[in-house]
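Given next are the chains, with one letter for each unit.
Number of protein chains: 4
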Amino acid sequence: MNSFGRIFRIHIFGESHGKSVGVLVDGCPPGISICESDFLPDLQRRKSGTKGTTPRIEEDLPEIVSGVFNGFSTGAPLTILFRNSNTKPSDYSQFKSVPRPGHADFVASQKFNKFQDFRGGGHFSGRLTLGLVAAGVVAKKICKNITFEAKLIEAAGNTDIEAAIEKAMKTKDSVGGIVECRIGNLPVGLGEPFFDSVESLISHAVFAIPGIKGIEFGSGFYAAKMTGSQHNDCYIDKTGKTETNNAGGISGGITNGNELVFRVAVKPTSSIGLAQQTFDFINNEKAELIVAGRHDLCIAMRVPVVVEAVAAIVFADLFQFK
Amino acid sequence: MNSFGRIFRIHIFGESHGKSVGVLVDGCPPGISICESDFLPDLQRRKSGTKGTTPRIEEDLPEIVSGVFNGFSTGAPLTILFRNSNTKPSDYSQFKSVPRPGHADFVASQKFNKFQDFRGGGHFSGRLTLGLVAAGVVAKKICKNITFEAKLIEAAGNTDIEAAIEKAMKTKDSVGGIVECRIGNLPVGLGEPFFDSVESLISHAVFAIPGIKGIEFGSGFYAAKMTGSQHNDCYIDKTGKTETNNAGGISGGITNGNELVFRVAVKPTSSIGLAQQTFDFINNEKAELIVAGRHDLCIAMRVPVVVEAVAAIVFADLFQFK
Amino acid sequence: MNSFGRIFRIHIFGESHGKSVGVLVDGCPPGISICESDFLPDLQRRKSGTKGTTPRIEEDLPEIVSGVFNGFSTGAPLTILFRNSNTKPSDYSQFKSVPRPGHADFVASQKFNKFQDFRGGGHFSGRLTLGLVAAGVVAKKICKNITFEAKLIEAAGNTDIEAAIEKAMKTKDSVGGIVECRIGNLPVGLGEPFFDSVESLISHAVFAIPGIKGIEFGSGFYAAKMTGSQHNDCYIDKTGKTETNNAGGISGGITNGNELVFRVAVKPTSSIGLAQQTFDFINNEKAELIVAGRHDLCIAMRVPVVVEAVAAIVFADLFQFK
Amino acid sequence: MNSFGRIFRIHIFGESHGKSVGVLVDGCPPGISICESDFLPDLQRRKSGTKGTTPRIEEDLPEIVSGVFNGFSTGAPLTILFRNSNTKPSDYSQFKSVPRPGHADFVASQKFNKFQDFRGGGHFSGRLTLGLVAAGVVAKKICKNITFEAKLIEAAGNTDIEAAIEKAMKTKDSVGGIVECRIGNLPVGLGEPFFDSVESLISHAVFAIPGIKGIEFGSGFYAAKMTGSQHNDCYIDKTGKTETNNAGGISGGITNGNELVFRVAVKPTSSIGLAQQTFDFINNEKAELIVAGRHDLCIAMRVPVVVEAVAAIVFADLFQFK
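Residue numbers (the numbering used here), protein chains in the order written: chain A, 838 to 1159; chain B, 838 to 1159; chain C, 838 to 1159; chain D, 838 to 1159.
Just chain A, same shape as in the assembly:
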């Protein structure tokens, strides 16, 4: 199901080299001020074109095709479309028989009986995150006063991220990274015990972003090395503020009024400039593959704004039925 949320509910659609990608947002409350230029700052942050990102240039201009009237959301479904213009379908035809390592070419072909749009990953493309970012802009407006701030804190194990990218460029390789997200001013009490825990909802949404392979909240994996007396956060006032924040702002699955903190692991971009070993599924033999075309050296650079977006989408939904 390409949908997420219970009341504020988003649906993404489209293909990398098809006519368009976009998002349908259902359950958006009426009266939210929305115009097309509101989307540009976050779309810009997601964009390719700076060092280390793919040179594919798309305008990425959103077109609001439903749900907004006289500058405000109407309460009816909001649909935002991004037309694809700069497509190069010929780049991708070979991957039908020789799937790219690390990509979804093989599983897509198996799952969809070879009917998938194989051009540029088709529906599996990272380009679909345009819809996530657009929905995130709306979600942030709904979560007024809540602050969302995600940033790349490490690439290739290096906190000097520029240096990591430079090295990757030289070696024609790609690198992974870690993105940290901090959310401030959340009220106490959002989320539900068990299946709608805030960790469940955020991780569900975050793993919808291509390339994410891990998530941790608060002390996360380090908590597994701690003792209870180290890990337990002491309450220090009546609002529930705690001295430490090992829990990352979530107790029993519910926001506890402290800053929400999580980190995600982003794998290195699958497409690299180097030749790679793979398998030719038609001729049933080993094959070497060079993925031409346009690629990011470090998709993790483009992930922070998408992580913010999905986190905002989670909370925009939780606010609808608090």
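These aren't lab readings, by the way, just hints derived from the structure by calculation.
Among the hints, a few may not be true.
[Unchecked claim] Here are the simulated distance ranges between beta carbons:
| # | chain 1 | residue 1 | chain 2 | residue 2 | range |
| --- | --- | --- | --- | --- | --- |
| 1 | A | Gly908 | B | Glu1096 | 49 to 55 Å |
| 2 | C | Thr984 | A | Gly908 | 38 to 44 Å |
| 3 | D | Gln1114 | C | Gln881 | 43 to 49 Å |
| 4 | B | Glu999 | A | Thr1081 | 26 to 32 Å |
| 5 | B | Glu1096 | A | Ile990 | 29 to 35 Å |
| 6 | C | Ile990 | A | Gly908 | 49 to 55 Å |
| 7 | B | Arg882 | C | Asn950 | 28 to 34 Å |
| 8 | C | Thr984 | A | Lys1075 | 40 to 46 Å |
| 9 | B | Thr996 | C | Gly868 | 46 to 52 Å |
| 10 | C | Gly868 | B | Gln1067 | 52 to 58 Å |
| 11 | D | Lys933 | C | Met1006 | 56 to 62 Å |
| 12 | C | Lys1078 | B | Ser922 | 56 to 62 Å |
| 13 | C | Glu1096 | D | Lys1009 | 27 to 33 Å |
[Claimed, not checked] Listed below are the simulated EDC-like cross-link pairs for lysine to aspartate or glutamate, each with C-alpha atoms no more than 20 Å apart in a straight line:
| # | chain 1 | residue 1 | chain 2 | residue 2 |
| --- | --- | --- | --- | --- |
| 14 | D | Lys1075 | C | Glu1125 |
| 15 | A | Lys1078 | B | Glu1125 |
| 16 | B | Lys856 | C | Glu900 |
| 17 | B | Lys884 | B | Glu873 |
| 18 | D | Lys1075 | C | Asp1117 |
| 19 | C | Lys1078 | D | Glu1125 |
| 20 | C | Lys933 | D | Asp1074 |
| 21 | A | Lys981 | A | Asp879 |
| 22 | B | Lys1078 | A | Asp1117 |
| 23 | D | Lys978 | D | Asp875 |
| 24 | C | Lys1123 | D | Glu1080 |
| 25 | A | Lys978 | A | Asp879 |
| 26 | B | Lys933 | B | Glu1125 |
| 27 | B | Lys1123 | A | Asp1074 |
| 28 | A | Lys884 | A | Glu896 |
| 29 | B | Lys856 | C | Glu873 |
| 30 | D | Lys856 | A | Glu900 |
| 31 | A | Lys951 | B | Asp1074 |
| 32 | D | Lys1123 | C | Glu1080 |
| 33 | C | Lys1075 | D | Glu1122 |
| 34 | C | Lys1078 | D | Asp1117 |
| 35 | B | Lys1078 | A | Glu1122 |
| 36 | D | Lys884 | D | Glu900 |
| 37 | B | Lys951 | A | Asp1074 |
| 38 | A | Lys1075 | B | Asp1117 |
| 39 | D | Lys933 | C | Asp1074 |
| 40 | C | Lys856 | B | Glu873 |
Computed from a predicted model, the values in this text were never measured in an experiment.
Glycine included, every Cβ here is placed at the ideal spot set by N, Cα and C.
Given chain A, put chains B, C and D in place with the hints provided.
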């Protein structure tokens, strides 16, 4: 929402010191052989009573109250009840004013306007995982031929887990741990791109387990330190088998036919034998708290069977609409 | 899916001659006063035992097994169980080969590969409406100030309902009837355009009641014979009150502030005292069948309280995300 | 929620006088042959332009913006867009203060705090059924071998439908009608007991069509006047065929292998050529209103293809998890 799944859909209910805990399983196919003794091995694995786990003794005998007839599932909702017998409500009354660090006492009180059952964590209790384990037993039967194996691979940062527990007992403290789960024989093609990616579904379900603070698939957080040429898994045959398994068995959110591998971080048990600093919310002052009662030293010891259960629940659902 | 609702969400389970029937209510707000005796008046209205209804005597005492603490809902899932005591499984074994006309025996056998509990209709039994009525009692408490009143207005085409029942008793036959439901004090604005229109939600829930074959809102089928100038309801004040109520209180799928009125058609009880023609599916030949056991002459007599219950369930849900 | 279905799931969006209306179809299986001209016959049946329908001329050409590649569905979300071209927004501005009787103007204004697009009913417009019809075309392809046939069988209480329309034209009034739908070749066993009964699902979807005020299955309301011995359908062979079809092809909520038959009541078009009494909500006084613009005399004429569409959508979904 205390529900999970689209077709094979589970609903958990109950309180630690109320009448019962249990699970309702909707969408279970007819004709699955089910009797009450089938549940005992996994329930035993989850049970307290061995070294380092709480001495609370419950029979934990499942009662099937609907959905099974003549030893087989009927296709109608399956309800499994566990009566609570060994309850000690008096242990918990003080936590209304002085919430236990690390527990959900404070957020529950805020979220539910003080109407929550505060005894032993009430609905937030780890005892609710009885229902998860029971549903997991049914789910494993549906996922025939699929193997699920989770185990504790590290406690308090130590792979000698016995030693870690011994040390915790001596210091009256508790410890966290890491559980690894391996799932074998999965077909290619389960899961969906984006919101129903296998990572999204598994992480959603896993974070429903109390005490989990992180999850990673395949190389996980280590992938963030790798380059693309290191991380990409080479195909070696027509079935999609790969030389390495950095992806952990999932490409583009879809099972790729290799072993599915993930690890989860379990925080140290919140209840410890040592005195702790907390806050008295009624008298509005700092307070010291000693949590009496019965506790696990390392809940991570009891988590593996629960992790297997939720993973099986995810796949039992995915098999219904493959 | 044996579930209904988005936030206030109910799940029914059980079998007529199994251990129990019941209901799990998720999303019930905390702080609703609930005790077991609250359920008795509506359960009594649903009960058999008066003239024209089955002489099967069940205590029908609800047991609240989760979700209530100190007399109030906690916000956690509420589970209500009814133990079956007065079961007579031997009555039903023949219907495996010779399905009863009008009953679900045949389709259940086909759908569930003969694994269904065939005793007394099993999960298809009208006895499952106990769970609906119980959930309805909770729903009515949530919908405070809203009035729900359903009654049987016609049986066998006769408004003298006593006479219709008398005649059915004499002829060993059964009769159908029409139930009208009126809901007062609803605010303007509940429901959504299109798929969550109030008509969609109410009809969805009402057709979950066994034996319902039609529903109409306001003028209903008669509206099809009217002209627009006759049918349009004139506004007469600023609150949206209208002179007539042909729309039955719903415009564009949304409550319009006028009384909500709908009627449902209930078919005659399928089980009758007369011999009936059917087919022997094992011997592949025509067969005559006499359905022994205990039956209602007019299930429509027991339907009003169930109709009120499902209507209240619809509105209890809509109030959660107004 | 502007969504319907569990696996084959549709989402409609748009406004009558906005940029577009359309539909997003999630869960469409891969490999269904789809091109834009496939939609034209059903769109034509829905279209205005023949006697008695609104003279508004729209091309109503579908644009497939995602989910189809090389002439086949890919398995990814399918989005179909209809651009609005022939819009006349100025017609509708007065209805902000003086709502049209029978329309959603008043409730929309209340529900959406006056942010709704009030032009031509906005999102409440019957024009949204374009998306339903388009999704229905896809659904019919999925339901191969199943036949769907709906037709208008009565208008203004008259089976001579031409005569009824003529009369309405002369009197500047509008008329209602009854649409009957017959579905053939359904297998036994689709649907679920209770909340996902076939009646529940079809009625839910049918009441999403603007102007529907009643639905009945098989003998429907007439069943309420029958006795059990008259109403029960006798089995006549091993496939479950019955002599009569009072049940309308559904037993216990499940398809029973006989023809599925239902009828819906369509109210007279709300917009009429005659002057009407209404209320001026700004000046707080009675007002007379003449609805200028383009209207159907009998929307029931355009409903059959929409009824077929939603029925096909229900079954396309049920086939995904049979």
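Which numbered hints are broken by the structure, listed smallest first? Checked against the structure, no hint fails, so every one of them is satisfied.
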